[in-house]
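Asker: Numbers 11 to 167, taken from our numbering, label the letters of the sequence shown in order.
Everything labelled a hint here was simulated from the structure, so no lab data went into it.
Just so it is clear, the structure is predicted and the values come from calculations on it, not from any experiment.
Glycine included, each C-beta is placed from N, C-alpha and C at the ideal position.
A couple of the hints might just be wrong.
Estimated spans, in silico, between C-beta atoms of each pair [claimed, not checked]: (1) MET93 / ALA58: 26 to 32 Å; (2) ARG89 / ALA124: 29 to 35 Å; (3) THR125 / ALA72: 27 to 33 Å; (4) SER153 / ARG38: 32 to 38 Å; (5) LYS80 / SER142: 31 to 37 Å.
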Amino acid sequence: MTKHVLISLEERHANNILAGTKTVELRRRSMHVEPGTLVWFYVKKPMACVVGFAVAGERYAAAPDNVWRKFGKVSGLERKEFMDYFLGCREASAMRLDAPTRLHKYVGLAELRATVPGFHPPQFYVRMPDESPLRDLLTSYLSKRQATHRAGRKLLS
Numbered sequence: 011m012t013k014h015v016l017i018s019l020e021e022r023h024a025n026n027i028l029a030g031t032k033t034v035e036l037r038r039r040s041m042h043v044e045p046g047t048l049v050w051f052y053v054k055k056p057m058a059c060v061v062g063f064a065v066a067g068e069r070y071a072a073a074p075d076n077v078w079r080k081f082g083k084v085s086g087l088e089r090k091e092f093m094d095y096f097l098g099c100r101e102a103s104a105m106r107l108d109a110p111t112r113l114h115k116y117v118g119l120a121e122l123r124a125t126v127p128g129f130h131p132p133q134f135y136v137r138m139p140d141e142s143p144l145r146d147l148l149t150s151y152l153s154k155r156q157a158t159h160r161a162g163r164k165l166l167s
């Protein structure tokens, strides 16, 4: 069964991922997300909605300078912003994002809260167990075409 997680992003980062110009998600600590996991994107306020998803690829952790050398061009950040973000960190984490897909209709915060009372967007990320109301809601927004990974693997199996 495909695993699912929800992460919070700034609008510009979500747009860059969905446009294919940002192909890694950077974090100050490892996300422990297995390759093949479906990573859903919640865009922070003022948008406040889930806008799409991608498939987690390989993870990489190293000193920030090494992560910049390997992923700087596909990070969606300028070098100064990257270094400021990782200031004080001995290790930076990067997770490749494959097959980014924008939802045809976004899932707003009001609907998320109506489905999951007390829902709060994750500070870091949240796992969505099989048959959880949140996962069921998000996957209901997939078209039949979107429900199959570009490599032919079903995302909802």
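Asker: Now tell me if each hint is right for this structure.
Answerer: Hint-by-hint comparison with the structure:
One distance hint, 26 to 32 Å for the beta-carbon pair MET93 and ALA58, holds here, with the actual separation near 29 Å. At roughly 42 Å, the beta-carbon separation of ARG89 and ALA124 lies outside the given 29 to 35 Å, and the hint is violated. One distance hint, 27 to 33 Å for the beta-carbon pair THR125 and ALA72, is violated here, with the actual separation near 39 Å. A C-beta distance of roughly 35 Å is found between SER153 and ARG38, which places it inside the suggested range of 32 to 38 Å.
Taking 31 to 37 Å as the suggested C-beta distance range, the pair LYS80 and SER142 conforms, at roughly 34 Å.
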